[in-house]
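Asker: Chain by chain, the residues run as shown.
There are 2 protein chains.
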Amino acid sequence: MSVIKNEAVTASAPAKAFLFGEHFVVYGQPAIVLAIDKRANVTAQLRKDDRISISSSNLRIAGTFKGDKYQAQKGGAKARIKLEPAKSAVQQVLEKVGSKKTGVDVRISSNIPVSAGLGSSAAVATATVAAVGRLLDAELTRDQIFRMAYQSECLVHGTPSGIDPAISTYGGALQFQKNRDFIDLKVQTNVPLVIGNTKIERSTGELLAIIRRTRESLPSIVDLLMVAGARTALLAVDALRKGELKTVGELMNINHALLCAVGVSHESLERLVYAARNSGAFGAKLTGGGGCMIALAEQNRQKKVMKAIERAGGTVFEACKSDEGVRIES
Amino acid sequence: MSVIKNEAVTASAPAKAFLFGEHFVVYGQPAIVLAIDKRANVTAQLRKDDRISISSSNLRIAGTFKGDKYQAQKGGAKARIKLEPAKSAVQQVLEKVGSKKTGVDVRISSNIPVSAGLGSSAAVATATVAAVGRLLDAELTRDQIFRMAYQSECLVHGTPSGIDPAISTYGGALQFQKNRDFIDLKVQTNVPLVIGNTKIERSTGELLAIIRRTRESLPSIVDLLMVAGARTALLAVDALRKGELKTVGELMNINHALLCAVGVSHESLERLVYAARNSGAFGAKLTGGGGCMIALAEQNRQKKVMKAIERAGGTVFEACKSDEGVRIES
Numbered sequence: 001m002s003v004i005k006n007e008a009v010t011a012s013a014p015a016k017a018f019l020f021g022e023h024f025v026v027y028g029q030p031a032i033v034l035a036i037d038k039r040a041n042v043t044a045q046l047r048k049d050d051r052i053s054i055s056s057s058n059l060r061i062a063g064t065f066k067g068d069k070y071q072a073q074k075g076g077a078k079a080r081i082k083l084e085p086a087k088s089a090v091q092q093v094l095e096k097v098g099s100k101k102t103g104v105d106v107r108i109s110s111n112i113p114v115s116a117g118l119g120s121s122a123a124v125a126t127a128t129v130a131a132v133g134r135l136l137d138a139e140l141t142r143d144q145i146f147r148m149a150y151q152s153e154c155l156v157h158g159t160p161s162g163i164d165p166a167i168s169t170y171g172g173a174l175q176f177q178k179n180r181d182f183i184d185l186k187v188q189t190n191v192p193l194v195i196g197n198t199k200i201e202r203s204t205g206e207l208l209a210i211i212r213r214t215r216e217s218l219p220s221i222v223d224l225l226m227v228a229g230a231r232t233a234l235l236a237v238d239a240l241r242k243g244e245l246k247t248v249g250e251l252m253n254i255n256h257a258l259l260c261a262v263g264v265s266h267e268s269l270e271r272l273v274y275a276a277r278n279s280g281a282f283g284a285k286l287t288g289g290g291g292c293m294i295a296l297a298e299q300n301r302q303k304k305v306m307k308a309i310e311r312a313g314g315t316v317f318e319a320c321k322s323d324e325g326v327r328i329e330s
Numbered sequence: 001m002s003v004i005k006n007e008a009v010t011a012s013a014p015a016k017a018f019l020f021g022e023h024f025v026v027y028g029q030p031a032i033v034l035a036i037d038k039r040a041n042v043t044a045q046l047r048k049d050d051r052i053s054i055s056s057s058n059l060r061i062a063g064t065f066k067g068d069k070y071q072a073q074k075g076g077a078k079a080r081i082k083l084e085p086a087k088s089a090v091q092q093v094l095e096k097v098g099s100k101k102t103g104v105d106v107r108i109s110s111n112i113p114v115s116a117g118l119g120s121s122a123a124v125a126t127a128t129v130a131a132v133g134r135l136l137d138a139e140l141t142r143d144q145i146f147r148m149a150y151q152s153e154c155l156v157h158g159t160p161s162g163i164d165p166a167i168s169t170y171g172g173a174l175q176f177q178k179n180r181d182f183i184d185l186k187v188q189t190n191v192p193l194v195i196g197n198t199k200i201e202r203s204t205g206e207l208l209a210i211i212r213r214t215r216e217s218l219p220s221i222v223d224l225l226m227v228a229g230a231r232t233a234l235l236a237v238d239a240l241r242k243g244e245l246k247t248v249g250e251l252m253n254i255n256h257a258l259l260c261a262v263g264v265s266h267e268s269l270e271r272l273v274y275a276a277r278n279s280g281a282f283g284a285k286l287t288g289g290g291g292c293m294i295a296l297a298e299q300n301r302q303k304k305v306m307k308a309i310e311r312a313g314g315t316v317f318e319a320c321k322s323d324e325g326v327r328i329e330s
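Chains P and E are the protein sequences, given in the same order. Following the numbering used here, the numbering of the first sequence begins with 1 at its first residue and continues without gaps. Following the numbering used here, the numbering of the second sequence begins with 1 at its first residue and continues without gaps.
Hint data in this document are derived by calculation from the structure and do not stem from the laboratory. Among the clues, some could well be false.
Identical copies go unnamed one by one, so any copy, or any two together, can satisfy a pair.
[To be verified] Result set (SDA-like, lysine to any residue): computed pairs, CA atoms no more than 25 Å apart in a straight line:
#1 Lys66 / Lys78
#2 Lys246 / Gly205
#3 Lys96 / Lys178
#4 Lys66 / Lys100
#5 Lys82 / Lys307
#6 Lys78 / Glu329
#7 Lys48 / Lys69
#8 Lys74 / Gly28
#9 Lys242 / Thr214
#10 Lys101 / Glu318
#11 Lys307 / Ser115
#12 Lys48 / Arg80
#13 Lys246 / Gly172
#14 Lys246 / Ala209
#15 Lys199 / His266
#16 Lys246 / Arg212
#17 Lys307 / Glu267
#18 Lys304 / His266
#19 Lys303 / Ser268
#20 Lys186 / Val26
What you are looking at is a predicted structure, and each value in this text was computed from that prediction instead of being measured.
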């Protein structure tokens, strides 16, 4: 695998955490998402040939694409699907700069838990676009990076909301509502979080189907719950801007209950959520469509909350809002 | 303790289970309560003297009242407060028939769990009124029995809603709303329940204070949750009348989440609730103001649900709607 020059460009992009609005966003309700200080790092380097080679050190998979062909290097043929978003991200930049025949090596190294609803795949796609863009002197704007990352997500995930690549691109705290522009909430205050993972993976599609069925059977109630959910999100925006974390926590607790009401929580998640609340978190709720929960806790309580979540069976890490979106590292 | 004649009258009255509306009923929302097939039995017998002697075999307490004086027989002086509602019930019947100087022995034997939000004390008061009324040939109507039992509850509990003595008196399924008459729902279908007890006692006052604080801090959301709660109750009335237990269960799950949203559930309750749902119950929720939960489950699933609740740490019993309110046993 000889490269034509020694230059390598590394870019990184943050993971996201849903603070409010997961699932309900599909029904037009507002969502509040934060970029968190877990990042995907992507290093891009030119190749002599016209292949796109992608490896992920944390997933322990690697393979090379040449046109439609895939040659597995690590993790077998089934790893291909996990490498597709990054490949698609590379291809879009190549198309943009008009050099489809350029070969690129992409090395992914991420500390974002996967299949956890934390936007790991979008962070990789976003960082890949940025790294390859810089490598090829494409001078991409943030908006262009977002759109390319979004396109590569679309190829893999159908038509996602765009929340994940948006937060990975712009960082900070964003409000999203269907068919509207993202709003940068310009939250100044620190948002100290503990994220717990049940490791129980559930597909977003399955969860959305549960909500759809509940809504079909009891529309007058579910619609009311969604209005209540929207209110928790909008009041939380206010509270975040004022730095009133206790109120944000209270709103998270209520929002979690609304998600329980439509049937998308489960026992393991509840255990972690209660562990966090009982150990002094301001509030706790499930986050995103995976098996993760998020707790808001003062920094001097975080260790206690983390221990409680671990005792309740979760893997756990600290996180906080990261105002930096995608960036070139070197 | 010699009695003047051998006649003894036994009456019994059922316990209640909140199916919908606990706590929210204070805010004017509808509540649905069921009489269940756990009963308090009260045997009344005349005494030679003018004392009121009361014993409870299940609580293992006993004492004798003479005017304002209390003489402990079992359980010490602190047992007095638990015997007061029955004493007050006796006194009201004596006043009604104009024989204040009559002495009565009252023996209570109940299989209703106490301090569990199942209306044990109201069932005792109701059965006491009925037994003493028959003993003294007072020919009390049901409405009179209800009012006297309610008065004796008021003496002890301030100004309760009257739900407990109403269901103990009339049996069946009742809808209650503040400042309105009880509505007999005339539910024909069987309502097979499993009731799990965490044995974690919490005062209703404490729980209502939590809701009050949440409502003060976030009125626009809590009011919406209460409207949603009312909708679950009213849709459940429809479903109960049609015998659609699956829908009732779904509504119970949502109603439980609304109670979680205002902060009155806790981890042990959640464990039992999820145990019931995961073992095939139509639905499960906390019930009343105590540490109990209630699951609606087809009769051929009840054993499985009971086992699951026990494994999750609860004590458990089967119950079903009892259409018989207070009655004379012998």
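Asker: Are any of the numbered hints broken by this structure? If so, which, sorted upward?
Answerer: 3, 5, 6, 8 and 10
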